[in-house]
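All chains, please: the whole structure from these sequences, using the hints.
Protein chains: 4
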Amino acid sequence: MQPLNIGLIGTGFMGKAHAIALKAAPTVFNLPAMPVCDLLAEVDDDLAARKARELGFARATGDWKALVTDPQVDVVDICAPNFLHKEMALAAIAADKHVYAEKPLALSSADAQEMVEAAERAGVKTLVGFNYIRNSATQLAREIIASGEIGELIHFRGRHNEDYMSDPARPLDWHTQRVTAGAGALGDVGSHILNMAEYLTGQRISEVFGQLQTVIPRRPLPDGSGGMGEVENDDQAQALLRFDGGLIGNIETSRVATGRKMGLAYTITGTKGSIIFDQERMSELQLYKQEGPEGRRGFSMLLVGPEHPDYAAFSPAPGHGLGYNDQKIIEIRDLVEGIVGNKPLYPDFHEAWRVNRMIDAIELSHAEGTWMKV
Amino acid sequence: MQPLNIGLIGTGFMGKAHAIALKAAPTVFNLPAMPVCDLLAEVDDDLAARKARELGFARATGDWKALVTDPQVDVVDICAPNFLHKEMALAAIAADKHVYAEKPLALSSADAQEMVEAAERAGVKTLVGFNYIRNSATQLAREIIASGEIGELIHFRGRHNEDYMSDPARPLDWHTQRVTAGAGALGDVGSHILNMAEYLTGQRISEVFGQLQTVIPRRPLPDGSGGMGEVENDDQAQALLRFDGGLIGNIETSRVATGRKMGLAYTITGTKGSIIFDQERMSELQLYKQEGPEGRRGFSMLLVGPEHPDYAAFSPAPGHGLGYNDQKIIEIRDLVEGIVGNKPLYPDFHEAWRVNRMIDAIELSHAEGTWMKV
Amino acid sequence: MQPLNIGLIGTGFMGKAHAIALKAAPTVFNLPAMPVCDLLAEVDDDLAARKARELGFARATGDWKALVTDPQVDVVDICAPNFLHKEMALAAIAADKHVYAEKPLALSSADAQEMVEAAERAGVKTLVGFNYIRNSATQLAREIIASGEIGELIHFRGRHNEDYMSDPARPLDWHTQRVTAGAGALGDVGSHILNMAEYLTGQRISEVFGQLQTVIPRRPLPDGSGGMGEVENDDQAQALLRFDGGLIGNIETSRVATGRKMGLAYTITGTKGSIIFDQERMSELQLYKQEGPEGRRGFSMLLVGPEHPDYAAFSPAPGHGLGYNDQKIIEIRDLVEGIVGNKPLYPDFHEAWRVNRMIDAIELSHAEGTWMKV
Amino acid sequence: MQPLNIGLIGTGFMGKAHAIALKAAPTVFNLPAMPVCDLLAEVDDDLAARKARELGFARATGDWKALVTDPQVDVVDICAPNFLHKEMALAAIAADKHVYAEKPLALSSADAQEMVEAAERAGVKTLVGFNYIRNSATQLAREIIASGEIGELIHFRGRHNEDYMSDPARPLDWHTQRVTAGAGALGDVGSHILNMAEYLTGQRISEVFGQLQTVIPRRPLPDGSGGMGEVENDDQAQALLRFDGGLIGNIETSRVATGRKMGLAYTITGTKGSIIFDQERMSELQLYKQEGPEGRRGFSMLLVGPEHPDYAAFSPAPGHGLGYNDQKIIEIRDLVEGIVGNKPLYPDFHEAWRVNRMIDAIELSHAEGTWMKV
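Residue numbers (the working numbering), protein chains in the order written: chain A, 1 to 374; chain B, 1 to 374; chain C, 1 to 374; chain D, 1 to 374.
Hints listed in this document are in silico derivations from the structure and should not be mistaken for laboratory results. Check each hint, because a few of them may be wrong.
To be verified - Estimated spans, in silico, between C-beta atoms of each pair: (1) P168(D) / E291(A): 21 to 31 Å; (2) R53(C) / D244(D): 56 to 66 Å; (3) T180(D) / P293(C): 30 to 40 Å; (4) D244(D) / F13(C): 36 to 46 Å.
Using N, Cα and C, we set each Cβ at its ideal position, and we do this for glycine too.
Rendered as structure tokens:
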């Protein structure tokens with residue numbers, strides 16, 4: 001089978017998740033090409049070599065610039081810190097590589113736009129890692145909505161709340177500074193729910209009204225000096241939404257929501273039914289349908305199984321459960337199929353740019369106190 | 001024991017609930033006076049007589065004006081349709097009666113203000129039936145918050161969604177018209193969550209940004225003619241909130257939220273913990289506290305029991321469950337104690353007027369597209 | 001309306017619950033007679049007088065023997081300690097009174113049999129307070145089963161676990177001694193699930209295989225002397241069951257099940273569907289039906305509402321929630337209707353005797369190590 | 001790194017799951033050797049070749065006997081139908097291979113004993129695929145129990161119910177016949193909960209009292225002739241248990257439990273707390289501890305995270321969720337570490353033999369109607 005050589009940059013949380021998925025995907029799915037863990041880049045040669053051994057890559061380099069121009073590499077897979085995405089992606093595109101990047105794509109919509117335009121000019125494929133949309137239960141939610149089973153949509157409520165910054169003793173880091181993160185919770189986890197709102201509903205968010213808050217405005221400096229520094233972006237944000245199909249809704253996002261670990265959740269109401277989902281119980285979907293005798297109506301707990309999107313490749317038996325990394329395996333399948341089959345990838349840089357524009361619009365709306373078009 | 005004679009106007013859903021609670025309250029609680037089901041008013045003498053028999057009232061009248069001036073009546077209990085609240089309450093106050101009225105107090109804040117001023121001038125006691133705040137689990141939530149157990153509050157999310165108008169074939173009725181209902185879902189069920197937001201947090205909502213929508217703009221005329229008429233108020237509404245203590249939050253409300261029957265719920269996040277509550281599971285409260293080893297932290301499901309507010313009067317055994325009408329029994333206890341002990345009642349007309357002002361502010365904000373002070 | 005005079009003996013947990021329900025029932029339901037809280041008996045005159053005031057009874061006595069023969073009393077309502085049930089019931093029957101007694105009816109099946117025979121000879125009505133079977137959700141479960149909606153029953157799993165004796169420092173009391181309690185957890189809470197198993201399935205338990213255990217064999221003496229005494233009955237018990245219709249199943253019961261407060265629960269499997277219920281969430285029933293497309297099958301959470309048995313009398317609005325005492329209100333309705341209409345009452349002494357026989361069979365099976373016929 | 005060559009026999013549900021895990025494990029964990037997907041056997045050469053391509057094996061054979069004696073193969077991984085386990089394992093052991101076999105190990109305890117003795121004589125390592133014990137939440141449950149956090153264990157309730165045979169139109173197949181399956185639900189899914197009972201509690205099941213039932217005694221013949229044939233083993237089974245540490249408990253198992261897809265669940269009660277787990281929500285564990293103020297006690301929902309066993313290798317972020325195949329990845333880690341480090345493997349053939357003995361004892365107890373020692 002034709003190989004598809006992957007060059008991976010960055011081996012933190014997401015880099016390892018990509019590596020696991022790259023290894024497993026060809027066994028889970030019948031892929032049209034074999035993704036090969038070819039070249040790995042880290043901040044220096046030693047770390048790169050060690051990580052290549054750990055994660056099963058054939059080659060290693062301490063220089064990501066060498067990776068993006070390496071003639072053997074077909075796809076540059078960017079799992080480096082967010083503030084480096086732009087430079088790396090532009091360099092990869094310049095070298096005519098397809099680019100698979102983690103979210104958020106960029107720190108601002110201006111940066112994202114530049115990346116979109118470069119990719120379109122070069123004609124390379126792009127994919128951004130909004131992996132939660134690939135979970136079977138969420139794909140099922142989209143199917144149910146698209147089929148009209150719950151009627152016309154009338155309300156979307158979404159949130160992505162976590163508590164990783166809820167301890168005020170946690171020092172400043174890249175998350176908290178404009179130059180390395182752009183927006184705060186809104187950019188980091190909020191980007192997931194914004195993308196998912198459009199993915200699920202099939203409608204575009206056309207206008208937003210936002211409110212942001214930095215709950216812990218000063219945190220210890222990371223140098224251990226005992227000094228304090230300023231948090232430059234939001235700890236929590238919320239927005240009202242207007243969609244172009246007439247739907248209204250709202251989103252919330254937080255990095256200080258005590259108790260929430262993987263708090264991506266949505267409730268979607270239609271004229272004939274409703275859907276409720278919570279990523280902390282990622283293998284189930286609650287479905288209500290306004291039909292049948294009233295005394296027998298209730299939210300049904302659908303456990304994902306082989307009748308649902310992409311589940312059967314993991315197990316022929318229902319209810320056995322998918323995990324976080326399985327979502328990445330599905331993402332890899334889409335990446336390989338899209339590149340080999342020259343098909344559109346979703347969400348590509350253009351979609352991710354939309355997310356940046358929504359974030360910008362929410363921030364601007366907050367500042368201006370008015371509805372803002374996306 | 002001293003009697004406290006109740007004159008009840010209206011015997012629909014709420015009238016019956018009041019009657020049940022009036023009968024049970026003296027046995028559940030040790031009351032300082034005996035509430036007596038004395039006089040009942042309905043739209044005509046026959047119905048009044050029949051309902052008095054059914055609900056256990058001593059006397060009946062087809063003329064509510066006779067009730068409010070009846071010398072034997074101590075408290076006028078208004079369970080008539082919302083658009084009659086104002087006239088009835090003003091008449092009762094003019095006759096120097098204490099007034100116990102169902103929510104919403106009035107169709108507009110101007111009306112509510114007039115009622116507040118009349119009551120204050122007359123020096124009568126008033127109480128408005130926002131009964132959900134009396135549920136043990138919700139009282140417990142307030143206690144936990146007030147004690148600082150979950151730290152400083154940083155986010156409030158509340159909703160009260162139901163689906164009683166989700167069938168588009170349901171005709172126009174009093175709910176849907178301005179002159180009989182004022183606001184739609186926002187006034188009817190939304191009023192509960194607005195009051196509760198302040199009750200729970202101990203903070204005042206100072207500014208709102210609202211969005212309203214009439215999902216089903218035309219419905220069959222109630223005359224069965226087959227003609228259609230216009231729905232004049234909101235089917236669903238949502239708002240971002242600023243509280244005077246710095247807290248932010250949001251609320252949602254709907255009467256077309258398919259699948260939601262008693263969808264009052266809240267999630268309150270503090271710097272040291274969080275609370276989650278859902279009225280459909282009214283006897284439990286989820287509590288997360290950011291303490292102890294990380295591997296043992298999780299939301300605890302507290303089932304209400306005799307350690308929690310007002311539960312022990314119903315049962316000495318934990319987890320046995322309170323129901324909707326039990327909330328009204330607690331409300332009656334508060335009514336009787338407040339009147340006999342000449343203590344402040346909560347929520348009185350003044351508090352209910354606040355709710356009207358919040359509703360007005362949300363509507364105005366929607367129209368203007370800007371934050372609106374309450 | 002015709003009065004039905006109630007003479008209540010005992011004012012602990014259950015006595016108060018009966019009083020609350022007696023007060024509320026005529027307003028909740030249209031009863032064919034008016035239950036009157038007429039005479040109350042306690043251990044001495046002073047306590048009786050005080051409790052009569054608190055619970056709203058017209059008359060009081062310190063001598064229960066006077067109550068059972070009082071000519072004005074129509075129904076003797078026995079809420080005294082279990083070991084007194086037999087003597088009181090026999091005296092009441094001898095005085096030709098109807099008898100409404102709390103469960104368990106008697107400490108042994110021999111005693112229960114004597115009571116059944118006396119009642120049948122006298123032709124009085126009897127009712128035993130297995131109140132959980134009157135909850136709307138459980139009545140709904142029975143309806144669903146009886147209608148064949150879930151096919152032929154193939155498995156019953158039931159439990160009633162609580163933790164009221166889980167603290168080993170809790171002294172010996174009436175629960176722990178043979179002469180005052182008979183069986184332990186099995187008699188106290190286990191009796192509920194045994195009765196319910198037959199109520200729900202419409203089948204008789206024909207054979208049992210039991211296992212009992214006293215987890216905390218010695219407890220402090222109640223005299224505070226610091227001495228220890230022997231616990232004489234089971235802290236936990238379990239049994240396999242054979243029903244006369246071919247169904248098999250099992251039950252568990254405990255008074256030391258740490259964390260369980262109102263742990264009555266059942267899972268009933270049929271050939272075409274299943275039902276799951278948990279009394280800690282008493283207003284909901286989970287229903288699975290093996291029909292429709294596989295990808296849309298799941299347990300539906302049915303919130304009780306006016307379409308379900310007896311709910312509408314409490315509230316016309318769905319999902320508003322019933323509580324523990326509401327079950328007793330339904331029980332009072334059944335008592336009054338049965339007596340006035342001269343209809344069979346369920347569960348009467350005969351049914352309660354069955355429960356005693358099941359308990360005896362489980363204990364005997366435990367001792368013998370073999371299946372035991374009931 | 002040293003390779004560990006795997007020879008896989010059988011490529012159904014479990015064969016694919018093994019292959020996925022073999023591919024992913026070296027990236028998830030730092031393994032002391034590299035498991036290599038070397039040789040795959042299927043029923044004929046063509047299928048073997050195709051499956052080797054799909055699942056990523058280097059070589060293929062249509063003859064499993066060639067695989068077990070292949071000099072390059074280090075570990076024979078048996079995922080063939082259960083009735084072939086014995087012959088294959090004995091052949092592999094005879095060839096001095098380590099054996100990794102799916103459960104149930106054998107169709108009878110006599111067969112299992114023969115396999116155990118052969119493996120012990122040969123000194124090869126064995127591992128049986130009771131994968132659910134490797135789930136982080138279940139490992140956590142074991143840790144909590146072993147540490148004494150919930151005190152001394154007093155009750156174990158376990159079940160493994162599914163509904164894969166609930167449709168009576170499903171024909172006879174290998175599951176239903178003695179010669180291919182041995183016991184029915186009890187052997188297939190029941191074996192998991194029996195093993196898990198001992199794994200979790202750290203106690204041995206010493207005596208059982210069993211009850212089995214074939215709910216659908218006749219099914220269509222698989223030849224499509226329209227004829228019916230006899231089901232030879234149990235559709236559902238239940239047993240009371242005595243453990244050697246004094247603990248009592250019960251288990252249930254079914255293949256006709258309508259609505260249950262992955263219905264492995266347990267409730268374990270100790271003197272100081274309780275644990276509840278349900279594999280359909282495999283990433284959470286409910287924990288109750290009898291400590292702290294009574295009004296703050298409740299079951300805590302612990303979402304698995306990096307503080308819990310083996311989770312951190314999959315993700316550094318809490319609550320992100322493990323899936324079914326992740327359990328197999330952990331199993332592979334244990335296999336490799338055990339073989340390379342010459343450490344005991346759990347559960348090995350000896351443990352699996354215990355499961356067979358428990359199954360035999362339950363069946364015999366059912367036949368005899370008495371407690372049976374394991």
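message: Quick check: does the Cβ-Cβ distance between P168(D) and E291(A) fall within 21 to 31 Å?
response: 27 Å, holds
Range first: 30 to 40 Å. Now tell me if the beta carbons of T180(D) and P293(C) are that far apart. 31 Å, holds
| Is 36 to 46 Å a correct range for the gap between the Cβ atoms of D244(D) and F13(C)? | For F13(C) against D244(D), whose Cβ atoms are near 40 Å apart, the range 36 to 46 Å holds.
Fill in: Satisfaction of the hinted span 56 to 66 Å by the C-beta atoms belonging to R53(C) and D244(D)
Because 58 Å falls inside the window, the suggested range holds.
Against the hints set out earlier in the document, no violation occurs for any number.
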